[in-house]
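Chains as they are written, first to last, in the numbering used here: chain A, 6 to 463; chain B, 20 to 236.
Mixed in with the good hints, there may be bad ones.
[Unchecked claim] Straight-line Cα separation of at most 25 angstroms, SDA-like style, residue types lysine to any residue; simulated pairs:
#, chain 1, residue 1, chain 2, residue 2
1, A, K180, A, F14
2, A, K263, B, L69
3, A, K431, A, W461
4, B, K204, A, K98
5, A, K98, A, R141
6, B, K88, A, K274
7, B, K216, A, N208
Keep in mind that the hints were calculated from the coordinates and are not lab data.
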Amino acid sequence: MTEEKERLFEERLARYQATISLESTDRMPIGATGSNYFAEVYAGYSNQEIMYDSDKWIDAHIKFANDFPEVDVLRAGKIWAPLYDALGCNLYKLPGRDLPPDAQFQYVEMERMKADEYDMLIHKPVEFFMERYLPRTFTEFEDRGSIRSYIAFLKGGVGFMMRGAIYRRISETLKNECGMPIPFQGAFLAPFDFLADGLRGLNGIMIDLYRQPEKIIEACDSLISQTVRGALANADPLCRYPIFVPLHRGNTPFLSPKQFEEFYWPSLKKTLEQLIEAGYTVRAYLEGDWSQNWRHFRELPRGTVVCDIDTQGDIFKASEDLGGWQCLAGGLPDSTLILGMPKDIKFRVRGLCETVAKDGGFMITGGCAFPYDTKPENFRAYVDAVMEYGHYSDHVNMQMKSSAPSAKGILGAQTPAITPWETKKKEIGEIMGDEQLIKKSWEMLESVAYNWLWAWTW
Amino acid sequence: MESGSELSQALSDLNESRIYSLVEKKLANNEDPLAIIKECNDGMIRIGQLFADQTYFISELMFSAEIFKNVMAKISPLIDGGELVDQNADLVVIGTVKGDIHDIGKNIVVNLLKGTGFNVVDLGVDVPAEVFVKNIQETGAKVVGLSALLNVTFGEMKNVVDSISKAGLKEKVKIIIGGAPCNEKVREFCGADYYAKDASEGVFICKRIYSQAEAVA
Numbered sequence: 006m007t008e009e010k011e012r013l014f015e016e017r018l019a020r021y022q023a024t025i026s027l028e029s030t031d032r033m034p035i036g037a038t039g040s041n042y043f044a045e046v047y048a049g050y051s052n053q054e055i056m057y058d059s060d061k062w063i064d065a066h067i068k069f070a071n072d073f074p075e076v077d078v079l080r081a082g083k084i085w086a087p088l089y090d091a092l093g094c095n096l097y098k099l100p101g102r103d104l105p106p107d108a109q110f111q112y113v114e115m116e117r118m119k120a121d122e123y124d125m126l127i128h129k130p131v132e133f134f135m136e137r138y139l140p141r142t143f144t145e146f147e148d149r150g151s152i153r154s155y156i157a158f159l160k161g162g163v164g165f166m167m168r169g170a171i172y173r174r175i176s177e178t179l180k181n182e183c184g185m186p187i188p189f190q191g192a193f194l195a196p197f198d199f200l201a202d203g204l205r206g207l208n209g210i211m212i213d214l215y216r217q218p219e220k221i222i223e224a225c226d227s228l229i230s231q232t233v234r235g236a237l238a239n240a241d242p243l244c245r246y247p248i249f250v251p252l253h254r255g256n257t258p259f260l261s262p263k264q265f266e267e268f269y270w271p272s273l274k275k276t277l278e279q280l281i282e283a284g285y286t287v288r289a290y291l292e293g294d295w296s297q298n299w300r301h302f303r304e305l306p307r308g309t310v311v312c313d314i315d316t317q318g319d320i321f322k323a324s325e326d327l328g329g330w331q332c333l334a335g336g337l338p339d340s341t342l343i344l345g346m347p348k349d350i351k352f353r354v355r356g357l358c359e360t361v362a363k364d365g366g367f368m369i370t371g372g373c374a375f376p377y378d379t380k381p382e383n384f385r386a387y388v389d390a391v392m393e394y395g396h397y398s399d400h401v402n403m404q405m406k407s408s409a410p411s412a413k414g415i416l417g418a419q420t421p422a423i424t425p426w427e428t429k430k431k432e433i434g435e436i437m438g439d440e441q442l443i444k445k446s447w448e449m450l451e452s453v454a455y456n457w458l459w460a461w462t463w
Numbered sequence: 020m021e022s023g024s025e026l027s028q029a030l031s032d033l034n035e036s037r038i039y040s041l042v043e044k045k046l047a048n049n050e051d052p053l054a055i056i057k058e059c060n061d062g063m064i065r066i067g068q069l070f071a072d073q074t075y076f077i078s079e080l081m082f083s084a085e086i087f088k089n090v091m092a093k094i095s096p097l098i099d100g101g102e103l104v105d106q107n108a109d110l111v112v113i114g115t116v117k118g119d120i121h122d123i124g125k126n127i128v129v130n131l132l133k134g135t136g137f138n139v140v141d142l143g144v145d146v147p148a149e150v151f152v153k154n155i156q157e158t159g160a161k162v163v164g165l166s167a168l169l170n171v172t173f174g175e176m177k178n179v180v181d182s183i184s185k186a187g188l189k190e191k192v193k194i195i196i197g198g199a200p201c202n203e204k205v206r207e208f209c210g211a212d213y214y215a216k217d218a219s220e221g222v223f224i225c226k227r228i229y230s231q232a233e234a235v236a
């Protein structure tokens with residue numbers, strides 16, 4: 006990385022971090038969404054090419070970063086399709102495979118956990134995933150015990166590591182070639198969403214709210230420790246970037262405010278508290294209309310959770326309720342980005358800069374994303390408008406923050422082994438040399454395998 | 020809110036065991052199955068209103084649909100031809116537009132429409148414009164609902180509206196759009212007649228369209 010790129014990287018990241026912490030900055034971060042779908046397709050590759058060809062995926066990032074040098078953080082896409090194909094993972098319909106090459110990927114609703122399987126999930130999760138959930142989610146695993154099913158698992162493990170390497174290659178390339186940070190690293194789901202998305206499905210969880218509400222609460226509580234472990238396992242070791250959580254069902258009208266407080270918030274709050282204690286900030290997509298529930302983010306320390314406000318949420322009310330306590334992102338309706346004109350964008354950005362964003366702690370974006378169909382001229386108008394109206398001060402000393410996670414925060418984050426070392430040790434018999442050397446590697450790979458089992462619900 | 024029969028009240032209270040027990044009792048007394056359905060319709064209408072009032076939320080709508088489905092499963096074998104819905108009832112054609120496979124929102128609307136006495140032709144998901152047109156022509160429906168969850172579907176919604184116009188049906192059918200990314204701006208862009216912000220509003224608009232059509236007739 007050249008000195009210039011390093012300087013640019015640190016300046017962009019410092020601006021982003023300071024905005025999240027509600028500290029002073031020179032200007033508002035630009036393009037600072039975690040889901041820049043527009044950037045994914047800007048270079049002209051099809052959605053299928055982006056999801057199947059990592060070289061094109063990286064090239065798409067670079068082209069966008071070079072054409073919009075004002076942008077401060079960039080993430081464009083998350084799916085590496087070959088991994089899903091290797092396992093026959095049925096969570097998504099994918100462009101070029103089940104959908105036309107330029108279609109958006111789409112989630113497939115299904116009841117992959119049955120109503121009577123809560124106790125198994127809570128008390129025997131390894132058995133639950135191996136015997137119930139994964140056979141329903143991986144078509145390559147349906148004929149368990151066949152050579153094909155073993156090879157599918159092998160490819161799933163290898164592919165999982167390859168995907169991690171691709172993510173690292175993207176972030177390193179952006180950093181070294183463009184001086185561009187990523188907006189977050191590591192991700193998790195709220196325990197309720199973990200149940201509601203890939204496991205019970207929406208219909209299942211809604212019925213459970215009436216037929217077995219106590220099981221939902223018990224399951225959400227039991228999921229907290231793995232949620233924290235999984236998030237920390239993939240987070241930035243230097244705590245530079247927030248950890249990401251898309252909050253899917255915590256809005257009205259999916260849940261009533263009473264249901265939110267009883268079922269959704271307690272386990273999410275405990276998860277957030279543990280990640281914050283470990284030294285991280287969190288970036289939360291408040292999807293849908295969270296206006297009746299977002300006040301709960303005042304229960305967390307100031308400047309620790311970025312709240313992305315969706316198009317359905319009123320950004321002005323969000324600013325009233327949360328402004329000055331947590332950083333907010335949003336404000337540009339999807340329909341304006343897709344159907345509007347540059348003058349509409351400029352008008353909207355100016356209005357936001359003069360009101361909700363005037364004291365900082367705000368990032369103007371679309372609703373949790375920049376949509377695929379954003380008109381390019383509208384994105385350019387957005388960038389220009391923030392440069393014109395989103396300036397705060399020339400006399401600010403922004404410093405990039407980087408530190409190891411808090412040891413206190415990550416205590417108890419030890420991932421369970423599927424086959425404990427003690428069992429393996431008995432099978433080996435007498436250990437001739439340094440037991441700790443062997444034990445450490447055994448447990449490291451066991452924890453990777455354990456986390457892998459949990460990785461297929463969204 | 021005016022309370023109806025015991026069964027309709029139990030349904031709108033979502034008292035699952037009481038509902039099934041009342042239905043069993045009525046069937047054992049040889050009560051008219053269609054009258055039982057009508058009582059359930061009244062309960063669903065009340066549920067729709069409670070949703071519109073923000074007393075009930077999605078979970079109540081989905082749980083009531085589950086209960087309603089179970090009740091209909093008991094009653095259906097007792098009706099000649101297994102027809103649960105009056106074929107002369109007001110009819111709505113609905114589907115998720117091409118390019119989008121999401122159906123939860125659409126299904127909530129379908130259940131509420133059926134539960135409140137409408138006849139519904141559910142075209143499913145990923146529905147091409149020509150299928151909407153064909154079904155409107157064949158059924159003579161006065162209302163068509165276009166559902167979408169993805170904001171990449173605005174162009175396709177416009178395509179459906181344009182196809183309905185080209186087929187000479189724009190004056191005969193009212194077009195409602197709904198789904199998370201929809202709003203007035205999207206309605207205006209695609210040329211639909213109405214935008215419904217939620218299931219209750221969608222059902223209310225359908226009722227209004229049909230009652231206005233009757234008043235004119």
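Restraint status (C-alpha distance of K180/A to F14/A at most 25 angstroms): 6 angstroms, holds
Starting from K263/A, check that the Cα of L69/B is at most 25 angstroms away, please. Given pair K263/A, L69/B holds - Cα atoms ~16 angstroms apart, limit 25 angstroms.
Just to be careful, I want the Cα atoms of K431/A and W461/A compared with a cutoff of 25 angstroms; is the pair within it? Distance ~32 angstroms between K431/A and W461/A Cα, so the pair is violated.
Quick one, are K88/B and K274/A close enough, alpha carbons at most 25 angstroms? Outside the cut-off at roughly 36 angstroms; violated.
Quick one, are K216/B and N208/A close enough, alpha carbons at most 25 angstroms? 21 angstroms, holds
For the pair we were handed, K98/A and R141/A, check the Cα-Cα distance against 25 angstroms. Between K98/A and R141/A the Cα gap is close to 16 angstroms, so the pair holds against 25 angstroms.
Please work out if K204/B and K98/A have their alpha carbons no farther apart than 25 angstroms. 29 angstroms, violated
Of the numbered hints listed earlier, those contradicted by the structure are 3, 4, 6.
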